[in-house]
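Q: Take these sequences, add in the hints, and give me the full structure.
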Amino acid sequence: MKIHIKNGRLIDPKTHLDRKADIFVAAGKVAAIGAPPQNFTASHEIDASGLIVCPGLVDLSARLREPGYEYRATLESEMEAAIAGGITSLACPPDTDPPLDEPGLVEMLKYRAMNLNQAHVFPVGALTQGLLGENLTEMAELSDAGCVAFSHAEKPLDNALVMMRAMQYAATFNLPVWLRAQDASLSRIGVAHEGEVATRLGLPGIPTCAETIALSKILRLAEETGARVHICRISSAEGVEMIRQAKKQGLPVTCDVSANHIHLSEIDIGFFDSNCHLIPPLRSIRDRDALKRGLKDGTIDAVCSDHTPVDDDAKLLPFAEAEAGATGLELLLPLVLKWAEESKVPLVDALSRITSRPAEVLGIESGALSPGAAADLCIFAADAYWKIEPRSLKSQGKNTPFLGLEMKGRVKCTLVGGRIVYKANPS
Amino acid sequence: MELPQTRDVLEKLAKDIRIDLSADAVLVGIHTGGAWLAEELHRMLGLSTPLGMLDISFYRDDFERIGLHPEVKPSDIPFDVDGADILLVDDVLYTGRTVRAAINEIFDYGRPARIRLAVLVDRGGRELPIEARFTGIRLDLDENRMIDLLRTDAGGLELRLRPGN
Amino acid sequence: MQGQINKNGELQHLLTIEGLSAAMLHHILDTAESFVSVTEREVKKVPLLRGKAIFNLFFEPSTRTRTTFEIAAKRLSADVINLNISASSQSKGETLLDTVNNLSAMHADMFIVRHAQSGAAHLIANHVAPEIHVINAGDGRHAHPTQALLDMYTIRHFKRDFHELRVAIIGDIMHSRVARSQIHALTTLGVPEVRVIAPKTLLPKGVEHLGVHSYHDMSKGLKDVDVLLMLRLQNERMQGALLPSAQEYFKYYGLTPEKLALAKPDAIVMHPGPMNRGIEIDSAVADGPQSVILPQVTFGIAVRMAVMSILAGS
Numbered sequence: 000m001k002i003h004i005k006n007g008r009l010i011d012p013k014t015h016l017d018r019k020a021d022i023f024v025a026a027g028k029v030a031a032i033g034a035p036p037q038n039f040t041a042s043h044e045i046d047a048s049g050l051i052v053c054p055g056l057v058d059l060s061a062r063l064r065e066p067g068y069e070y071r072a073t074l075e076s077e078m079e080a081a082i083a084g085g086i087t088s089l090a091c092p093p094d095t096d097p098p099l100d101e102p103g104l105v106e107m108l109k110y111r112a113m114n115l116n117q118a119h120v121f122p123v124g125a126l127t128q129g130l131l132g133e134n135l136t137e138m139a140e141l142s143d144a145g146c147v148a149f150s151h152a153e154k155p156l157d158n159a160l161v162m163m164r165a166m167q168y169a170a171t172f173n174l175p176v177w178l179r180a181q182d183a184s185l186s187r188i189g190v191a192h193e194g195e196v197a198t199r200l201g202l203p204g205i206p207t208c209a210e211t212i213a214l215s216k217i218l219r220l221a222e223e224t225g226a227r228v229h230i231c232r233i234s235s236a237e238g239v240e241m242i243r244q245a246k247k248q249g250l251p252v253t254c255d256v257s258a259n260h261i262h263l264s265e266i267d268i269g270f271f272d273s274n275c276h277l278i279p280p281l282r283s284i285r286d287r288d289a290l291k292r293g294l295k296d297g298t299i300d301a302v303c304s305d306h307t308p309v310d311d312d313a314k315l316l317p318f319a320e321a322e323a324g325a326t327g328l329e330l331l332l333p334l335v336l337k338w339a340e341e342s343k344v345p346l347v348d349a350l351s352r353i354t355s356r357p358a359e360v361l362g363i364e365s366g367a368l369s370p371g372a373a374a375d376l377c378i379f380a381a382d383a384y385w386k387i388e389p390r391s392l393k394s395q396g397k398n399t400p401f402l403g404l405e406m407k408g409r410v411k412c413t414l415v416g417g418r419i420v421y422k423a424n425p426s
Numbered sequence: 000m001e002l003p004q005t006r007d008v009l010e011k012l013a014k015d016i017r018i019d020l021s022a023d024a025v026l027v028g029i030h031t032g033g034a035w036l037a038e039e040l041h042r043m044l045g046l047s048t049p050l051g052m053l054d055i056s057f058y059r060d061d062f063e064r065i066g067l068h069p070e071v072k073p074s075d076i077p078f079d080v081d082g083a084d085i086l087l088v089d090d091v092l093y094t095g096r097t098v099r100a101a102i103n104e105i106f107d108y109g110r111p112a113r114i115r116l117a118v119l120v121d122r123g124g125r126e127l128p129i130e131a132r133f134t135g136i137r138l139d140l141d142e143n144r145m146i147d148l149l150r151t152d153a154g155g156l157e158l159r160l161r162p163g164n
Numbered sequence: 000m001q002g003q004i005n006k007n008g009e010l011q012h013l014l015t016i017e018g019l020s021a022a023m024l025h026h027i028l029d030t031a032e033s034f035v036s037v038t039e040r041e042v043k044k045v046p047l048l049r050g051k052a053i054f055n056l057f058f059e060p061s062t063r064t065r066t067t068f069e070i071a072a073k074r075l076s077a078d079v080i081n082l083n084i085s086a087s088s089q090s091k092g093e094t095l096l097d098t099v100n101n102l103s104a105m106h107a108d109m110f111i112v113r114h115a116q117s118g119a120a121h122l123i124a125n126h127v128a129p130e131i132h133v134i135n136a137g138d139g140r141h142a143h144p145t146q147a148l149l150d151m152y153t154i155r156h157f158k159r160d161f162h163e164l165r166v167a168i169i170g171d172i173m174h175s176r177v178a179r180s181q182i183h184a185l186t187t188l189g190v191p192e193v194r195v196i197a198p199k200t201l202l203p204k205g206v207e208h209l210g211v212h213s214y215h216d217m218s219k220g221l222k223d224v225d226v227l228l229m230l231r232l233q234n235e236r237m238q239g240a241l242l243p244s245a246q247e248y249f250k251y252y253g254l255t256p257e258k259l260a261l262a263k264p265d266a267i268v269m270h271p272g273p274m275n276r277g278i279e280i281d282s283a284v285a286d287g288p289q290s291v292i293l294p295q296v297t298f299g300i301a302v303r304m305a306v307m308s309i310l311a312g313s
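Chains as they are written, first to last, in numbering that gives the first Met the number 0: chain A, 0 to 426; chain B, 0 to 164; chain C, 0 to 313.
Errors might be hidden in some of the hints.
Stated by the list, open to error - Mimicking BS3-like on lysine-lysine, the simulated pairs with C-alpha atoms at most 25 Å apart in a straight line are:
id, chain 1, residue 1, chain 2, residue 2
1, B, Lys72, C, Lys44
2, A, Lys407, A, Lys422
3, B, Lys72, C, Lys43
Treat the hints as calculated values from the structure; they're not laboratory data.
In this text the structure is predicted, and so the values were computed from the model without any measurement.
A: What follows is the structure, given as structure tokens:
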């Protein structure tokens with residue numbers, strides 16, 4: 000399939016390209032930008048007038064709920080949601096049931112995803128067997144099976160010795176370790192940021208020090224072991240500052256934030272809105288503002304959707320009993336555009352946080368537009384408004400704190416490997 | 000319609016009651032107009048028996064429609080209702096529903112020997128088989144007219160006629 | 000959404016004190032005053048809620064609170080149905096909202112809800128049919144509005160005016176829904192100084208944002224106080240990482256006659272019950288002349304009658 004995408008505004012964060020130009024796709028790759036390559040006859044034309052053409056988005060955390068939680072969502076439904084959100088590559092955490100701790104499970108997931116032939120799925124393997132925090136997994140084997148990194152998802156890993164050994168072993172094979180910084184003993188019964196709102200509502204709190212204590216342990220162990228560490232879903236001002244200092248000292252650490260957390264704070268819980276029951280908890284406005292600044296100055300490398308489909312039954316419960324998480328794949332782009340507009344970040348920089356930078360964290364050759372690169376593309380209307388409501392979402396997860404709100408920025412077309420995998424209904 | 004002087008109506012009512020009042024009879028006024036009237040009669044008749052006050056909000060039959068009255072006052076019955084000779088006092092007798100509620104409430108305090116009713120104005124329009132033993136004046140009023148008793152700043156009582164709502 | 004006030008500005012549900020106006024609180028207390036006189040009569044019953052079906056929905060056992068609501072409902076001539084929904088029947092798969100929907104189908108008019116989780120009453124109120132009223136009889140650590148209202152009734156009864164009072168809440172503020180509701184009620188009614196007294200392990204972070212001053216030392220915190228609101232210390236908190244022992248707690252935070260002497264001579268002592276004598280309060284104080292713990296119980300019925308009739312009439 001030879002595709003000619005014309006009249007669009009091309010943005011490639013990797014090369015800092017931002018200009019109006021046509022782009023030509025052939026044999027699954029970007030063939031040329033500007034003028035067509037010789038003897039190019041398009042079999043397909045896409046008119047991108049008034050639209051932005053950028054690399055397909057890369058999401059560092061999306062739960063697809065397979066295996067084990069198919070009643071919540073299936074690979075089919077969530078992959079549909081991903082491409083509708085312009086996401087062409089996504090990493091999925093290992094907290095499936097069973098956890099991704101065996102090569103067979105990883106191969107099955109990769110195989111299922113490949114058959115769907117939509118977005119690229121990059122499994123993140125379990126760091127310990129069963130995510131129990133005791134025995135290491137066969138990381139090298141898992142890596143061969145397709146795991147791009149190793150993590151402990153949201154499961155506690157308080158034993159510093161196990162964490163150190165896991166990092167040492169991962170470092171042996173130069174495998175990245177992705178960790179959430181949350182001390183389990185300080186957060187076990189907590190369901191909301193320990194602060195004003197939790198105190199008022201009588202919700203058990205998760206103190207900021209649950210993040211900073213865990214973070215300091217992770218950073219020191221990273222230094223000690225030489226492991227490549229990526230911090231998932233940073234949530235506090237203090238945490239951002241610690242990462243900033245670590246980077247300044249030259250530690251090879253990267254970090255991401257959830258798209259929910261750059262816009263929301265504990266205040267949004269209102270009177271027990273269980274859609275705001277998230278992990279990590281929404282913290283104070285001061286924390287949220289620090290996350291925005293950290294994202295702007297590059298301390299935080301990437302924004303992820305932290306997509307976690309939860310069915311209504313699991314949300315229609317008292318706040319603490321409601322399952323944490325929100326649907327996110329289709330909100331990632333609009334939420335990042337909203338941040339860019341509010342924080343006065345140029346589009347090319349903003350898009351880098353969901354394209355080139357997460358691609359670097361993942362170590363994949365995606366997230367670029369240069370000729371020769373894989374034609375994973377996202378074409379979107381930056382000014383199109385749409386309302387977030389259950390029927391406008393393809394994901395089986397319909398719960399998000401943004402339900403009912405109007406968002407700006409809608410994906411019109413998504414290409415993976417030079418094929419058009421998603422096209423919005425003309426409206 | 001010209002209203003007669005409230006004072007004259009009061010005098011007439013007091014006179015009627017005086018003739019027929021037993022020595023141990025107790026007055027109970029219905030909040031608010033009836034309570035003022037009972038106080039006034041109590042004074043005019045020179046009674047030394049205790050004076051009671053009822054707020055019938057908890058006994059109204061229109062709670063379903065209009066809810067609880069925004070200002071409920073505690074009822075105050077400072078005597079033993081069992082065997083008492085009660086003269087229930089209200090300003091205006093109309094449908095009879097208020098008196099029904101008041102009688103019900105009195106029975107929740109005990110079993111009186113007798114209840115009689117005194118009103119300043121009987122304006123007709125009864126919806127229940129209730130009649131006053133003592134009546135100041137009978138007025139034939141249109142459905143869309145309201146009559147009620149006011150208490151002036153000086154403490155005097157004044158009947159007032161106005162368009163209904 | 001909070002949703003306890005309907006579009007006419009009337010009270011549709013009573014879920015929390017937070018957000019209610021002083022006028023609304025006084026209206027409830029004034030109405031309760033009328034019911035106090037009812038409860039002193041020979042027939043302690045009025046026909047106001049005749050034919051109404053009130054469901055006591057207790058997901059967390061509490062004989063005492065349930066009984067006071069039951070008495071209040073019966074004195075309003077309502078039909079009361081008590082349901083103790085144990086954790087086990089919940090774990091059989093029926094969700095909280097399933098249970099509520101089932102009961103709604105039985106033409107309930109009012110739910111009195113007690114639940115171990117903060118926000119449970121809000122969740123139910125947000126999902127019941129519009130003609131059903133919900134009263135929060137305690138949700139987790141969040142709120143216990145009728146308890147706070149009866150406490151305010153008691154304070155108003157003995158102290159008349161809220162505007163010159165110094166009130167101290169003493170004990171496990173962290174886990175207490177009573178304390179949270181009391182704080183909202185006291186600050187709304189214009190009490191200029193509300194203090195909370197507890198060891199740091201029993202004070203929630205940022206409690207000062209609720210408009211109170213925190214103290215850790217009884218001798219400082221009780222000085223010149225007009226009203227002492229004691230809280231119950233739950234058994235499970237008496238040892239472990241929150242407190243070393245009940246004995247040490249009593250020594251430093253238990254209300255003894257000596258400590259009470261630091262407050263104003265006419266200070267009153269209140270407790271939501273049931274009391275742990277010898278742990279948070281000395282018997283000499285609980286049964287002493289400054290204790291108004293028994294009047295609290297009496298007023299509690301009238302306050303609950305007032306809340307039920309105001310809701311049913313909205």
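Q: All hints are to be evaluated individually against the structure, with a verdict given for each.
A: Hint check results:
1. Restraint check for lysine 72/B and lysine 44/C: satisfied, since their Cα atoms lie roughly 16 Å apart, inside the 25 Å limit.
2. This hinted pair checks out: lysine 407/A and lysine 422/A have alpha carbons roughly 18 Å apart, not beyond 25 Å.
3. For the suggested pair lysine 72/B and lysine 43/C, the alpha carbons sit about 17 Å apart, so the restraint of at most 25 Å is met.
Of the hints listed earlier, there is not a single one the structure fails to meet.
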